Amino acid sequence: MPTTDHGFFVNNAWLIPFFPLLGALIAAAAGRQLRGLAHIPVVAGIGLAFLVSLGTFASAGPEVTAVASNWMTFSGLDVPIEMRVDGLSTMMMSMVTFVSCLVAIFAIGYMSGDPGYPRFFALIGLFVFSMTGLVLSNNYLLTYVFWEGVGACSYLLIGFWYARPSAAAAAMKAFLVNRVGDFGFAIAIFWLWTVMPGHDLSYGAVFEAARATDPVIIQHSAIVGISLLFFWGATAKSAQIPLYTWLPDAMEGPTPVSALIHAATMVTAGVYLIARSMPMISLAPGVQIVIAVTGCLTALLSAAIALTQFDLKRVMAYSTVSQLGYMFMALGSGVGDVAQLAVVAAMFHLFTHAFFKALLFLASGSVMHAMGDVIDMRRFGGLRNRMPVTYWTFAVGAVGLIALPPFSGFFSKDEILGAIGAVAGATHVARELHLSWSWVYNVIYLLAILTAFLTAFYTSRAFFMTFWGPEKLPSPDDPEVAGMADAHGHDAHSADAHGHGHHEIGHESPLVMTVPLMILAGCTVLIGFICLLTWPVAGGPVEWFDRHMEKTLAFETLGTAEHGFSIVTALLGTAVGVGGIWLAYVMYGKPSPLPGRVRAASGPLYQASLNKFYVDEIYGILVVGPLRAIAWLSGIFDDYVVDRLVTGIALIPRAIARARLAATQNGLIQHYAAGSAISVALLLVVIVFGIGALAVVLGVLAILLYIGSRPRSAAVTTAPRVIKADGDI
Amino acid sequence: MATNSYEAVIRTAAILAPELILLLSAVAMMTLSAFISQPRRFWCRMATWALLASTAALLWNAGRHTDVYASVAINDAMSFWSRLVLLLTGFIVIGLAHDEPSDDRAGEFFGALVMVNAGAMLVAAANDVVFLFVGLELVSIPTYLLLYLSRRTPSTQEAATKYFYLSIFASGLLLFGLAYLYGLTGVGNLKAASYLIPKVPGMPNVGLGLVALVFVMAGLCFRVAAVPLHFYAPDVYQGSPTVIAALLSWVPKAVGFLAMLRALTFMFSTSIELSQKAVMLCWVIAAATMTLGNFVALLQENLKRLLAYSSIAHAGYLMIGVTVAFANGEQRTELYHGAEGILFYLVAYSLMTLGAFGVIIGLRLGDRRVETVRQLSGMGWTQPWPAAALAVCLLSLSGIPPLLGFWGKFEIFASALAAQDLEQSWNFMILAVIGVLNAAVGAYYYLRIVVLMYLAPAGEESRFGGGWPVAASVAACAGLTVLLGVFWGPVANAAREAARDAATRPIPATVNTTPVVIPVAAVAPAGAVPSAKTK
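Chains A and B supply the protein sequences, listed in that same order.
Our numbering numbers the first residue of the first sequence as 117 and each following residue consecutively.
Our numbering numbers the first residue of the second sequence as 2 and each following residue consecutively.
Derived by calculation from the structure, the hints in this document are not laboratory data.
Fair warning: this is a prediction, and the values are worked out from it, not measured in the lab.
Just to be clear, a hint being listed does not mean it is correct.
[What the hints assert, rightly or not] Some chain A residues near chain B, calculated using beta-carbon distances under 7 Å: (1) Pro769; (2) Ala778; (3) Ala789; (4) Ser792; (5) Val796; (6) Ile803; (7) Val838.
[Claimed, not checked] Residues of chain A clear of chain B, computed beta-carbon distances all greater than 10 Å: (8) Phe124; (9) Phe291; (10) Thr310; (11) Ile333; (12) Ala338; (13) Asp453; (14) Asp492; (15) Glu624; (16) Phe645; (17) Leu648; (18) Gly695; (19) Val702; (20) Gly719.
We put the CB at the ideal spot given by N, CA and C, even for glycine.
If we strip away everything but chain A, and leave its shape as in the complex, we get:
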């Protein structure tokens, strides 16, 4: 549909990425002058972007697009900077800008005094620019550009304290692992480019071509391959098996970064990509099984790892991986007429998860801030009286994550379980798959319930260990407490960063940090209440969200069927949640010998979980080691073969130039004129009489050259010249 007038906000949707970018540029350019005020342009930019996003909400429609500029127009390649303002993108944008805004405000307190303060906010602004660009883009190529953009911002922010070797290594790991995924995404785009008529990579055209049956435009094998490659790309960005290992390490970055990028927004880019491409991927049910199984295994594995971690942020990181796994489970279950339900479930979970997970991370950051950058849960405990706001907001976030009614997480997780249940129970799915694979979904359903139980357990464990039990603070003699010693923990900058807050440990964080916590907690509750309140009116708890998602491009092409609220799933989900909390309470609610006994009883299993099932070590042996060996060999080959060869080849033009060409440039004007005249004459002969005549002429020329090569008269050779010409060399 050609761009028509969709109102101010849609026509100017480019403002949404633009404002944060502008803020970032100001913060970067004037950082030295602004110093402690560098947050102002960025927070203002993100805030304005949020307002514009809200403005686009009402005008969103499946076919609403706006062209900001024609980036590339060339024969056979036409890439407009075109934005699609539909249900999916407006939802993502509003969520991203809202959460970013709160996180940026939180960071004002958290990062204050850090020497890299302006750099931090410039990068946050740049990140929001890339992320909003990613979700706004209307074609795969532009999406890819911003996809790389968020990757680069993530790299820079994980390595924000670059002087710390662990942070630098984590940043490198995140970047390299993401490159592996980007590789898949890039191949998918190349492939699409070759199969799309007119090389049109816009979403609308691709989905239409994928669905076309008469004539078939994209072969089914290509659809399967491209979908798989998209998922490959998504596994890196959204931290799924096998490429999830970078995310827990990414916690080396400042906590607001973990909250914003590695929990709420960037890591959902993969989910977004798959959800966006659903109209195509749903044509390949086999790929969807792969997605669902991968998501399920990731969810289970990372939940199992989270059970035993002592680093509060790492628990949250594995929890994020696990919840992302849930989203993929849902997307993978969108087979046949469950497709719409599945996409809505995944996106709703993405939406609610963004709030409560950002909340949990920020609350962890608040704890870390108060504990002098100590994040090991064994070193502190019983903080509920010292940090009441953090305590209560963390509790709300935890309940949201555990998915107890009526909090937002309950409804979203219930939707996902409902979708999996629906596809597992649907007989038509087997037909659709042409094989009897539908039992897979039954297994996934059970594993998802199990994961929900584990989620409840590890979340409550972290909660009880941090806030309950006897009060315990990290001792000031503890070498890890920042401000006391710089040997470990954050380097000198970050010690400065929290300078004033660290003289006394264990105080509630300042308002600028707790207010965002309260707002996010409010959202977690509010979304749940919206679900509850609209339930009777709309006919379903998530119907209000569904209505908005229906305004998504090509959404109507996904299968749909009536799926009522499943009371069994809801009860089951709540029951395992309560069970998990109860178990955690028994073990960690007060000092008890139980954890020790369980540890002893489970033996190697416990060790495996504590050591993250040795996945990093396995990758080290299987992938990193051989690659290092190859790199070493390549290095030698490069130094001794390629380099020598290139240097050798590079000598050839120089030698030719020196030996032959420079001689013609001897600085004598009469030679220049004669050379030109002879050349023109030669060209004339060749052009008019053909190549054959050249032989004759060359003979004549040889005679001329012979005459010319005789000793020149003194008058010619000593022509007065001051410019040193090449022939003189």
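Fit chain B to the supplied structure of chain A, relying on the hints for placement.
Structure of chain B alone, referenced to chain A:
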């Protein structure tokens, strides 16, 4: 009929208002300077005002059309955009030159500079053989003056002499060729001639056409510094003041290629025999020019000489576009690919070359100017901004994405590959491959400077002594190279529109601007057709 011709004249005059303003200002400046004594600032300001007035006149002219078969000058998209680019680069050149002449010669100097600009714009608008030649000479003759005026050292004199003699030699070749070109159809109007060639049976006389082709091409090769008339470039650039070298590397090259498009490609591509031969000729010239320019540039230590060979090399890349433009016959939809690439590339080339020269103009070592590549070592740290601008320009010259120079090469090479698809001939593919290999060779000497600036220790104390106009010009060049490199859509669209417009030959009866009329003045020489046949 009379009314019609009168109307055509008036319209043409209106179209040429920007040039007329420039010429009148130039004449006034040169005359006045004999009588009043003013500092060079004054003359520089006058020249700037003249360019501003001319720009206003050009913008006022936007969209004004005329009967292309009746006018010596037209205002199609190619004319409009080229003239706009020439005017904007004119500001940059004046900025670079603001401090160059001594006060007593400044009037003539800036007058000549304005005149060169007027001549270049005339070529862009020209639609007539004679008019085209007048425009070309209006570029050349003031250039002799500029070469001689600014400084009277032995090396300047040598450069001026070499340029003068070789230039009139080339003008002679060109004039000879243009006479044959006229003889081909007996029509001076270029659009009319290219309209007639495919329409009239027995046209064209291939032998006549080939002579015209070779000689016109040779004459224009001098302007663009292409083999085999490239010899002057290194010596003249090195010997003349840097500003003049900058001017020489841009304006004559632009007008040369514009003239090739106007006078040759759109006309010769209409006839199969002629276009085949023309492709052959340009193929050889392009390959030889690129290779020679890049190879010999590898040896250079003197910065201006290096940029001279670089300008030869870029003429070679641009000749690929000319080759393609000759191949794109009339019935092709991709008719304009080659021309489009050339026009795009010229914009990129102007910015990056003028920017590179600008930095060299501005940088001083003590009181001396920077002369050799070595003297730039360590500048990246001692002179961060000029060095960054120079680095941007050099990276763009070597074609690193996403700078504008990359997209220029991209368009040119892509047009060659498109022609390859179209003509089913490997020649274009081979030419593109030669071009890419040359770009790789070229990267060596550009990147060497960047490496020296950033990785070598700093030498003598340096400063940027150009004054703010030079700084502003350089900033504009480098900034636009980056900005347009990222958002190159507008440039590409303008280039496409220009190329498409210049290639169209409307059916005569439909283009009359007044409803009354009648085979236009230019078609009258259609009576010359029989005489052409009888030859």
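Hint by hint, here is what the structure shows:
At its closest, the beta carbon of A/Pro769 sits 5 Å from a beta carbon of chain B; the interface hint therefore holds under the 7 Å criterion. Among the interface hints, the one on A/Ala778 holds; its C-beta lies about 6 Å from the nearest C-beta in chain B, closer than the 7 Å criterion. At about 6 Å, the closest approach between the beta carbon of A/Ala789 and any beta carbon in chain B falls short of 7 Å, and the interface hint on this residue holds. Annotation: A/Ser792 was flagged as interfacial toward chain B, and the flag holds, the nearest CB pair being 5 Å apart, inside 7 Å.
For A/Val796, the shortest C-beta to C-beta distance to chain B is roughly 4 Å, which falls under 7 Å, so the interface hint holds. The interface hint given for A/Ile803 holds, since its Cβ lies 5 Å from the closest Cβ of chain B, which is under the 7 Å cut-off. About 5 Å separates the beta-carbon of A/Val838 from the nearest beta-carbon of chain B, less than 7 Å, and the hint is met. Every C-beta of chain B lies more than 10 Å from that of A/Phe124, the closest at about 23 Å, which supports listing it as non-interface.
Look at A/Phe291: its CB is around 21 Å from the nearest CB on chain B, clear of 10 Å, so calling it non-interface holds up. The claim that A/Thr310 is not at the interface with chain B holds, since no C-beta of that chain comes within 10 Å of its own (minimum 16 Å). Distance check on A/Ile333: its Cβ is at least 22 Å (rounded) from any Cβ of chain B, clearing the 10 Å threshold; non-interface status holds. With a closest Cβ-Cβ approach of about 24 Å to chain B, A/Ala338 is found to remain outside the 10 Å limit, as its non-interface label requires.
Once the 10 Å rule is applied to beta carbons, A/Asp453 is consistent with being away from chain B; the minimum gap is 43 Å. Distance check on A/Asp492: its Cβ is at least 44 Å (rounded) from any Cβ of chain B, clearing the 10 Å threshold; non-interface status holds. Listed as a non-interface residue, A/Glu624 keeps its Cβ farther than 10 Å from every Cβ of chain B; the least gap is roughly 46 Å. With a closest Cβ-Cβ approach of about 46 Å to chain B, A/Phe645 is found to remain outside the 10 Å limit, as its non-interface label requires.
Listed as a non-interface residue, A/Leu648 keeps its Cβ farther than 10 Å from every Cβ of chain B; the least gap is roughly 49 Å. Listed as a non-interface residue, A/Gly695 keeps its Cβ farther than 10 Å from every Cβ of chain B; the least gap is roughly 56 Å. With 10 Å as the threshold on Cβ separation, the claim that A/Val702 sits away from chain B holds: the shortest Cβ distance comes to roughly 60 Å. Residue placement check: A/Gly719 keeps its beta carbon more than 10 Å from all beta carbons of chain B (closest about 57 Å).
Checked against the numbered hints given earlier, the structure satisfies every one of them.
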